[in-house]
Each structure stands twice: as C-alpha cells, then as structure tokens.
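Colleague: Take these sequences, add in the hints, and give me the full structure.
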Amino acid sequence: EPTITVETSVPFTGHKIDPPSRSVETTPSELLSFFREMSLMRRMEIAADSLYKSKLIRGFCHLYDGQEAVAIGLETSITKKDAIITAYRDHCIYLARGGTLVEAFSELMGRRAGCSKGKGGSMHFYKKDSGFFGGHGIVGAQVPLGCGLAFAQKYLKEGTVTFSLYGDGAANQGQLFEALNISALWDLPAILVCENNHYGMGTAEWRAAKSPAYYKRGDYVPGLKVDGMDVLAVKQAAKFAKEYALKNGPMILEMDTYRYHGHSMSDPGSTYRTRDEISGVRQERDPIERVRKLIFSHELATASELKDIEKEVRKEVDDAIAEAKESPMPDPSELFTNVFVKGFGVEVSRNTCMSFGADRKEVKAILP
Amino acid sequence: EPTITVETSVPFTGHKIDPPSRSVETTPSELLSFFREMSLMRRMEIAADSLYKSKLIRGFCHLYDGQEAVAIGLETSITKKDAIITAYRDHCIYLARGGTLVEAFSELMGRRAGCSKGKGGSMHFYKKDSGFFGGHGIVGAQVPLGCGLAFAQKYLKEGTVTFSLYGDGAANQGQLFEALNISALWDLPAILVCENNHYGMGTAEWRAAKSPAYYKRGDYVPGLKVDGMDVLAVKQAAKFAKEYALKNGPMILEMDTYRYHGHSMSDPGSTYRTRDEISGVRQERDPIERVRKLIFSHELATASELKDIEKEVRKEVDDAIAEAKESPMPDPSELFTNVFVKGFGVEVSRNTCMSFGADRKEVKAILP
Amino acid sequence: KEITVREALNSALDEEMSADPKVFLMGEEVGEYQGAYKISKGLLEKYGPERVLDTPITEAGFAGIGVGAAYYGLRPIVEFMTFNFSMQAIDHIINSAAKSNYMSAGQISVPIVFRGPNGAAAGVGAQHSQCFGAWYAHVPGLKVLTPYSSEDARGLLKAAIRDPDPVVFLENELLYGESFPVSAEALDSSFCLPIGKAKIEREGKDVTITAFSKMVGYALQAADVLSTEGISAEVINLRSIRPLDRATINASVRKTNRLITVEEGFPQHGVGAEICMSVVEESFEYLDAPVERIAGADVPMPYAANLERMAVPQVDDIVRAAKRACYRAVPLAAAA
Amino acid sequence: KEITVREALNSALDEEMSADPKVFLMGEEVGEYQGAYKISKGLLEKYGPERVLDTPITEAGFAGIGVGAAYYGLRPIVEFMTFNFSMQAIDHIINSAAKSNYMSAGQISVPIVFRGPNGAAAGVGAQHSQCFGAWYAHVPGLKVLTPYSSEDARGLLKAAIRDPDPVVFLENELLYGESFPVSAEALDSSFCLPIGKAKIEREGKDVTITAFSKMVGYALQAADVLSTEGISAEVINLRSIRPLDRATINASVRKTNRLITVEEGFPQHGVGAEICMSVVEESFEYLDAPVERIAGADVPMPYAANLERMAVPQVDDIVRAAKRACYRAVPLAAAA
Ligand SMILES: Cc1ncc(C[n+]2csc(CCOP(=O)(O)OP(=O)(O)O)c2C)c(N)n1
Ligand SMILES: Cc1ncc(C[n+]2csc(CCOP(=O)(O)OP(=O)(O)O)c2C)c(N)n1
Ligand SMILES: [Mg+2]
Ligand SMILES: [Mg+2]
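Chains as they are written, first to last, in our numbering: chain Z, -3 to 364; chain G, -3 to 364; chain Y, 718 to 1053; chain C, 718 to 1053.
For the record, the hints were derived by calculation from the structure and aren't laboratory data. Even glycine gets a Cβ: it sits at the ideal position worked out from N, Cα and C. A few of these clues could be false.
[To be verified] Straight line, CA to CA, 30 Å or less: simulated DSS-like cross-link-like pairs of lysine-lysine:
#1 Z:76 / C:739
#2 Z:338 / C:916
#3 G:153 / Y:763
#4 Z:311 / Z:124
#5 Y:755 / Z:51
#6 G:12 / Z:12
#7 G:338 / Y:914
[To be verified] A short, non-exhaustive set of chain G residues, derived as facing chain Y with CB atoms under 8 Å:
#8 112
#9 134
#10 143
#11 144
Modeller: Okay, here's the thing in structure tokens:
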C-alpha cells in the first residue's frame, strides 16, 4: 500500500519541548478506516440522543460527537497494552478500544448485555482486557487514577503508557497538579490529554481558567498543543508523546476540539455559545469532513462509496440497538453481586438484607 | 529619626514581574525593635521546647526558631487590618500580630488564659481582632481559607490584603492551585507566602517537588523570591506585594528560610540533614545575628546593650511562663461550649449528653 | 397557593440576599447558567457578579474560599452541583468549618451554608447517588438540614442562611419540581423555621414512621395505605438530622410504641440506626416491637432501572414493615 | 512471646511484601524517615525505592495513583500519616475505590489497603483526633478493620493486603508502643485472620461489651473491675466494622441479655448506634435492659488535658454503664 504524507491543519505548539513535524504519514486504508470509525461514533451518539429522548436511556448522558478525532487518532498510535482512562464522556473511547456497539447500547439502556451488565450506565464503561479503565463521573479524578495505571506499567516494566483524558473544566482541578508532580518526580509514563472543547458545562474556558493554555499548565512538564479536530495531528501527537513519556516521564497534550451536543442531555448547548459558533466549527473543522476531503483529494473513494459506508454504519448502529433492546434487564440478584470480588458470604448477605428491610424477600431469596 | 538605607543580602528574583529594589529604608529604632522582637520569639520557642520536655506541653508542637524574620518583616509593612493565616507553626505569627506571651504559653499548656482558652492547643492560635485567622493543622488548607479572607476584604471594599503562609511541603497541594486560579480570575488581594524552610517534615524540597522554585509555581501568577532570613528583604517584599495585590490580584512570595528545630518535638531534625548544614545557616544567615551586625555597623547600640535586651526578653518569657502556669485548667463545662456560636440549647445538650453516656454527671450537671 | 421546591429555594435565596448584603452565592454554574438545576435563576441578574459567583470545577478551592470569607464575617452560600462532589471539599467542611468555633473558643465563627442536591436522583449511577446525611450529621459543629416540602425548603434555607454556624443543607433533585401548598405565613419574607425541630406531618397512634427529604412523601403515602387497613401511622419529618429532635421522636414513640425509620441512604451507621439508638436510650420500655429500619440497599447505586428501584425504599416496603410492627407484640423479656 | 503493635504491623508489611512482588507501600515519610510513627522501619532498605515510595504531601494525588495502580493489578498499601488527612483523598477511597468493582460489574477490582493511625491521640487537638470508623463503614464496597492487639494487627493487616477488595485499616497511635503476647501460630508468616469476624476477648454471662481498637483494652479493664463486683462481662473485640459480625454480637446478647457499646468516636450515626440497631433487629426480645452507648463526647476534640480526658470514654464510664444495665430489669412493655 502506498504511503501518503499529509500536512496537519495547523502546526503543533510546544511548551518546553520541540514539537513534532507537521508531516504525517498515512495510507489509503487508514484514511478510509478513519472515515468509517468516526462515522460510526458519530452515528452511535446521534442514536443515543434519540434513545434518550424516547426514555430508553436515563439519567446523565454525555455525547462525544465533534470530538471523534481524538479517540481515533490516539488509538492509531498505540496498542491495547497502552491504557486509556477518561471521564463520563466515554462511549466513543470505549468503542475505539474495541468495545462493541451492542454492549454500548445495552449499557446505555441498563441491560444485561451491557459492558457493565447494566450496572454502570452511560458514565461507567470499561474494557479492561484492552486497556480501557473507564468511565469516571467525578471531574478530574481519572487523572491521578491514570497516573496510577502508568505507575503500574512502569512498576511491571511493561514499556507501555497511559493516556488520561480530561476536559478543559477538569484542567483546573488540584488533583491534576498533585498527580502531575508525583508523575514527574517518579518519571511515570503518564500522558495527560486535555480535551479542550472550550466549555465545561456552560462555562467558557476563560471564565474557569486564568490561563486557558492547557498545554502549558504543567509548568515544568512539557506540553503540546494539537488540533484535536485533525485525526492525523492527533495520531502524530500520540506517537510523539508515547515515545517521550517512555523515556522521560509525563507530558501534556492539549487537544483543541469541540462538542456539538450540549454538555449532557438536559443542556440544549445553545445558551452560552452562539449557533454560529457551532455551525462554523461544523463547516470548517469537522473531523469527519476533513477526512472525507482528504479521501477525495487523494481519490481514494468516490462520494457514493463514502455514502455507502455511511449507510452501512447506520445499519450497524440500528442492528446493534435492536439487539440491545432484546437484552433483558439484569437479574434482580445482580443487585447484590460485585460489591466485593468474591461476592457476599452467607453471613454478610444476611446482614445486608436485614439492613435493607427485613422482608424484601424478592431479593433475599435468590442470594447465595 | 535618621533613615538608614540597607542593601538586602541578595537580590530579589522575580517571576513575571520586575522585582523591587534591593535598597531598603529603615531607622535605628526599627532595627532595634527587630532585634528585640525576634529575640523574644527565639526565646519563646526555646522555652516552649523546655516546657514540652518537662511535659507541660503535650501533643504536637512546631517551633519557628530560624524563621523569625518572616513574621517580623511581614508585620512591618502591613497593618492589623490586613489579614494573616498560617499553618500549625503559628506561635510567632501570633506574637507578631500582637498576641501576648502569657496567652501563648497558657494555650500551649492548655490553660484557661490561653488565646483559645486551652481548647485549641499549639496548632490553633488565633487573634481575630488584629487580623490573625489561625493556626491550621491540615497542610495546605489555610491557603484557600486565606484567599477567602481576601475575597471578603475585596467584597467589603476594605483596601486590605491577606497573606497566607504555607510551607514548601504544602506548596504541592492541589488546593493551592485551585485557590490561586480562582483568586487570579477574581483579582483577589491574596498574597501566598511560601515559607521555604527546605524540608517538609523529613523530606527535602527536591524530593517532594519536581520544581522547587516555589515563586514560579503560580505559573501565570507573578512571584518573587526573597531572602527570608533578611528581615529587611521581607519588609520590602511585603510592601511590594501588598501594593501589587491591591491593584492586580494574587502574587506569590517565596521566603528562603530555615527551621533550626526538628519538624515537631518528636523529630530530632538531624536524620535528613547534616549538623553542618544547620550550623552553617546559624553562622551565616541567622536573622537575629544579621540585625545585630547591622546595629553594630551603624553603631546604634553596644554589645552589652543588646545583651541587656536579651536579658530583658528572657525575663519577660520567664515571667510569662510563671503567670501562665498559674492559670487553671479550663472549667469542665467548657467541654460543651463553643460547639455552636450560641452554645447548645437545653434540648440539644440533653441529647448530646445522652449520647455521651447516660450518667456522666460531672459534665452534665453544669450544662445550661 | 402551591409552589415548587425549586421556587421555594429560589425565593429563600433571593429574600435573604436582599435582606443582608453580606450574603452571597458561589458555585459551579450558579450564575450565567442560572444553576445546574435552576435553583439560582435570576439571581445573577438581580445581584450582580459580585454576589453571584460562577466558580471553576474546583470544590476544595472554592469551598475553602467560602469558609475563609465566613471567617471574615461574610455569609457565603456555597452550592455543590451535587453533594457527591462535596467529598472533594469535605476537609474544609469538617476541619475548617465545623471545628473552628470550638478550636478558637468562639473567636472564629463560621456562618456558611453548603447546599445542593443530595442522595439518589434517577439513573445517574453509583458515583452520583450517595446520601451524605449520616456522614455530616456524625460531626459536631455542623447543623444538617433535610427539607422535604416547599415550606421546609423556604423556612429551613432562610434559617440556615441566618444561622451563625455552618449548615449543611441537603436538597433532593427529584423534589425540585414538586409542588406543595404553602401558607401565606410561609410566603412572608420573615418566615423562618427553627433548626433542630422535627415536624409531625401526620398524627397517628399505632406506629411512628420517621423520614427525611423525599422519603417523607413515601412515608405519607404509606400512612395512607395503612389507614385503609385500620393502622394509624404518625409520620415525622425530621427536617434536621443534626441536631436530631430526639424529644419529638421519643414522645411519638412513647405514644405509638412502634417505630419504623426510613431513609434512602446506606443503612450501616445511618440515620435509622441513630434514631433507633436514641429511642432505645430514652424510651426502651415503651417499645412494643423491634424498631424496623428501611434503608437503601447496602450496595453502590446500580444504573439499571429495575435494580435501581430495588436499591431504594418503596412505599410498599414501609407499609409491610409497619404492619409487621403492629401485628407483632414484644415477647416478655427473657429472665436474666 | 510479646511484641508491640508496631512490630506486628511492621512484620506484617514485611512478610507480605516479601511474599508478593505486587505489594508496595506509598505515603508521606514511609521511606527514608522510616515512617512518621516508624511502622515502615527498615522496609525501604530491604525493598528499595521502587516498592517503598515517599510521596509529597498530596493525599488526593497519591491516593488516586494508588487506586489506579490497583486497577492495573498491583497491590498498593497507601499510608495516611493519620486518617484525618484521608479526607483530602476521600473521594478516591469512596468513588474510585469502593464503587469500581460494582460499577464495572466485576471488571475492575481494587486490591488496595489504606492504612494509618485513626482517632484520638494525645494532645493533638480537634483537627488531628477524629475517628473515621463509622464514616468508612457506612459505605458498601469497603472493608473496615480495626485491630486492637498485636495479633489483630498482624493477622488483619496480612488479611487486608491479601484481600482483593479495598480495605480501610484503622490503627491507633497510642497502641503502637503497647506489647501483647502472641502465639507461635500468630508469628508464622502464613498467619492471617478472617475479615468480618469479631473475637470474644473474654467470655462472660451477665453483660456484653462491644469495643474496637484502643477501647477493647478499656473494656477488658472494665470487665476486670466488674468481676470484682460479681458481674461477668463478655467483651467482644469487633476487629471488623464492615462487615460487622452481627452473628457474634447477637449470639452474645442472646446469652447475656444486656449490651454496652464502647467507641471513642462521635456518637451520632456511630458504631454503637449500628450495633444497637442490629441487636434490636435480630434479638430485641432478648434485651433485658436498654442498650447503653458509651462514645466520645459530641464535640470537636479539645486540647486541654482535663477536657480531653472528659471527651473520650474512661474505664469507669464503662463500668457504671454495665452496672446500670445489670441492676435494672426491663419493665414490661406498655400496653399497645
Ligand atoms: C468534582 C465534580 N464537580 C462537578 C461535577 C459536575 N460536572 C460534571 S461534568 C462537568 C463539566 C466538566 O467540563 P469539562 O472538564 O470541560 O469536560 P467536558 O464535559 O467538556 O467533556 C461538571 C461541572 C462533577 N461531575 N464532578
Ligand atoms: C493534609 C495533611 N497531610 C499530612 C499532614 C502531616 N504533616 C504535618 S506538617 C507536615 C510537613 C509540612 O511541611 P511544610 O509544608 O514544608 O511546612 P513546615 O513544617 O516546614 O513549616 C506534614 C506532612 C497534615 N497535617 N496535613
Ligand atoms: Mg470541556
Ligand atoms: Mg517546610
């Protein structure tokens, strides 16, 4: 297969480090798979929106559409032995790490076939066997956790790294600074990836951060600013960061990206930003459209071939939803499983049930 | 009175700000009072050491000897309308803010005449009426609290500032970064004063911080490195910082200082640093000796006059201890006062006592 | 007239801010966004950005700043978007706020309110559903309030803001939209409820049911069901968990001789356990049946709708427990 | 043979580190300083800086790193210099550690131990004296252990390190230097105690006294005093607060018909309240006297020696409560 060299949309900006080259190597099949995978993610999130509106998904639900290039670009440069951890906006990271649509939708709908058997919900997806450690609901908490994964990788001499994803809002959390200091002291292979979508809920970055230059916020830790809407730039940055971190310790990547949806389903996403801003990004920076254009300019596929892919993707999503809907709710006994690794012992279960109301037999009867 | 101009021991180093001049104005009486007040502090701490060893002071006890120039230098440039808040190493700050020796020693011995009526102990001195807000035991916590004081000063348009003192160990705490960001966003007149005595307990600064340049750790917030063993340098820096903060918002002052004692009374202070290091600082940088030399070089007093001051100071301390020893233990009823501002209502007290053991009458009988 | 709990909270904030210029509100999205749950709607416009402050998502930092401002004499209201996030700031709530008046022998009072939704919402999973009632009420120096109705919300929030001590004010997201009738008196800007007093929501003679927050509504529904079966339940709305109104609880149990405690939080060391203890301490000989505790299941909150429903008390659980208590007399004590 | 609790903890750490290379220790001053209380003495020298890690004073950061390492399969032991500082990290203990196995339906287990001194020491004031037993034991997903003797310390710490779930291990500074006799069996490196099982420290028939940590010693002293007055007290050392060994407690109360709970922590929603509730739930009809709770005073810890002494239970308080329980029969239940 021929290699294609593409220039990133904008140059990287480095903090205390020389940035990598703007020229990124790719291949026709890689570009086509970028197109397919990002379209799949986009479609999944749009479908989740509908499922939410038809009340099949409950509670919080944070969609990733607009940010797909970050998930895909990272994945391209690393292996499943490298680890990723993120916040609640986790559906697409899960997918990128090899999770299936059926498991994702089942989890969203609280079904048995879900990746967390319906017990976690939208914010708590995991795929440990391919290095995805969740899915965390507390803003900022995933960063020390991710540095801990990196600690373990180094401890076990695995030669792998961890990417901890967090938002621009999360970037002000004190625990990031604490974890970064420790990671730097211990040379952990920890890469902090700030997905700067410019808003933390309804708060614009500059209202939450005196210095919204997140790639510089590590102070003594090097950083790189990356166009997070350009999957090839993300790919290049991830490769660069992984190499750096294995040799030298932590590094920050700031991904300049955008979420099209509101923060979560209760937020229309239009009170604190203009519709023009959103449509401007869609028109000029959309990560899928950028790849579509590259495919056209290198004549790797026709418009109708790409439409076909989009149709396939749509069908895949629809099929997955149909299958997920068939999955039953968790068995009631699951209420009491997984609290501990070994489940409750008999005595403990008795205690627990007692506390829970002496006669809630429907639950109690089926315990061990 | 003539003014004397003295050059600071070393130049200030600025971070994102032009440092003030090295030439500091002082007067003979100021220099003599520096000598007296720092000697008093030194003597107080040495006496506290003895009281601890004779078991009249219990628990934790963190001494300030070596760092006196910071407390005195700050006080010289500000008024009691400005606020100070610090950690557990608080005896001398309390004194500098106008607290008395008797109250200090009484508190240390848990007596009724203590500044916290014996209920706070060594780590919890306060003197709110002259702007001293404690005395805090949790490393780092005093910094957001201090920024909150600064918030109130600005809210009330008082034109005053708050100095929050913290150690080099505390400087890595995430809550500092959180509070600094907010202070910068809101232009609070908050001055963060890192008393860098180079050890947090037994940990040398470089083992706890990847970047021990604490005056730079505010990143986007300006900072100034100051010789904290030079009372005139501290005076100059405090004046500079106060003016800056009132106009522009937060600033960091790093005071290069040293604690002669161990961290607290259980730490001999000699396992993680050499005796040479300690005696070197004593010989070359001691804040009191520096002032003594200045007094001599400007012929403001003779050696024997200074000896007399030291004798007076010693007597003052001895008298205060004697008086404090006369102060009785708190009345048992104080166990239940000050939990709430209005004290317990009758019903509440009844509940409380019940919980406390149904018949502990010696306490219960004297409640309202 | 009926108003929602949201309106009740909003009007309480508004009135107290207008009455005392030292009162201000800070928290995530409280200003321009009008509150994540719209509790602070209109306040930024009315009181300006000096008194309604949007903060970064840094709970330890802004709660500490709030406590410091209270040390200085201001009256901060700190909103946690939900109380789950208060764990990031809990050291300031406990060590900086609750203990300072005591440690300083009264020099440093801390007139601050920490408020926000607490406990289970709907479908938000384990990290966003915890009830912090028992935790905060464990700690001396704090007052812990748990409003149920609109009247509670108004009267207790106004009391909390005026109180000179730190108050943890635990709201419930699922109640925000609920409407309750309110008296003219309760709508008056001088209205205020006493801290530390429970409310008997419904008088009864056969069994006492204690509850707080959303569970008060469940207890009232259970009482309705029970009355159709001839059981007269007395429902106590605790309103305050710390101080706990032991007098009202014990007086009721001395009358009904039976007690059911209801809470959504985890059972162990929970509110029900304390109420049981307080009745055993003061009214043991009046109990005709064992105290029954109805609590959340002793598991992190699951997401799936069926499991979630099982994880929190339902009206029917309260009804069954009450029946059990009423039909079972206490056996004579075993010989010593 | 006698060893101190400090030696017991140190040897448990040493043996488990030597048995499993995935076990490592992190915390403030655990390495070069040999531990603020010298619990980790010699370990840095023996296992090197890769496995004994001095951290900065940043509890949220290092506890989070510990939990992350546990997600990955290591077995971290995180020392808090005291548990008072665990509040800065409590979100990671609760939301990141306790709930992950559940939220992930078993994918992400968290084999971690959080350990350090808990509760009152001597003369350290309000911010350094809190008991976190009830708080942590409130939360499903955690195991909470409270050793008293050297045997407890060894057996429970070794159990905690080997356990696949997050364990909160609450030591007591004032016990570190105390010596206890230990059997040869308990000194064997294979020794391990079961989690969730209480120990009957002393058998008796007239009254049950439950206690944990330092209060077990007080309860035993009280039992000695009581025996001179002809009262035979059964002393239960809880060892584990979560899971709580309800079976052992209830069996004992069914035998003695009287219960005194002892704890140093704050009373409200404390350990005593839960034990009372659990006995009322399971053995109400066996109780011949109201359960008596002896707890710390409901105030922040004062510094002054006389107040401090009054703020925590003394042996005499336990004795008086037990006598009261034994000389007072339960009145007949009031008529319904
Ligand atoms: C500690 C904490 N505080 C508040 C919240 C509520 N909350 C959830 S997401 C969010 C905004 C986060 O913004 P950002 O970090 O920019 O991530 P994004 O949602 O844009 O991906 C907030 C305030 C939380 N989950 N955790
Ligand atoms: C959050 C927290 N963690 C740990 C401690 C225990 N501790 C008390 S002082 C101290 C060292 C602080 O060093 P530094 O900030 O440099 O201040 P210094 O003692 O040198 O004045 C430690 C670890 C504490 N009080 N609070
Ligand atoms: Mg964002
Ligand atoms: Mg220091």
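Colleague: None of the hints should be skipped; say for each whether it holds.
Modeller: Hints, verified against the model:
1. Z:76 / C:739: OK: residue 76 (chain Z) and residue 739 (chain C) at ~22 Å, within 30 Å.
2. Z:338 / C:916: With Cα atoms ~23 Å apart, residue 338 (chain Z) and residue 916 (chain C) stay inside 30 Å; holds.
3. G:153 / Y:763: Given pair residue 153 (chain G), residue 763 (chain Y) holds - Cα atoms ~20 Å apart, limit 30 Å.
4. Z:311 / Z:124: 28 Å, holds
5. Y:755 / Z:51: 22 Å, holds
6. G:12 / Z:12: Holds: residue 12 (chain G) and residue 12 (chain Z) sit about 17 Å apart, inside 30 Å.
7. G:338 / Y:914: Holds. Residue 338 (chain G) to residue 914 (chain Y) sits at ~16 Å (cutoff 30 Å).
8. 112: For residue 112 (chain G), the interface hint holds, since the closest Cβ of chain Y sits about 5 Å away, which is under 8 Å.
9. 134: With Cβ-Cβ at 5 Å, under 8 Å, it holds.
10. 143: 5 Å, holds
11. 144: 2 Å, holds
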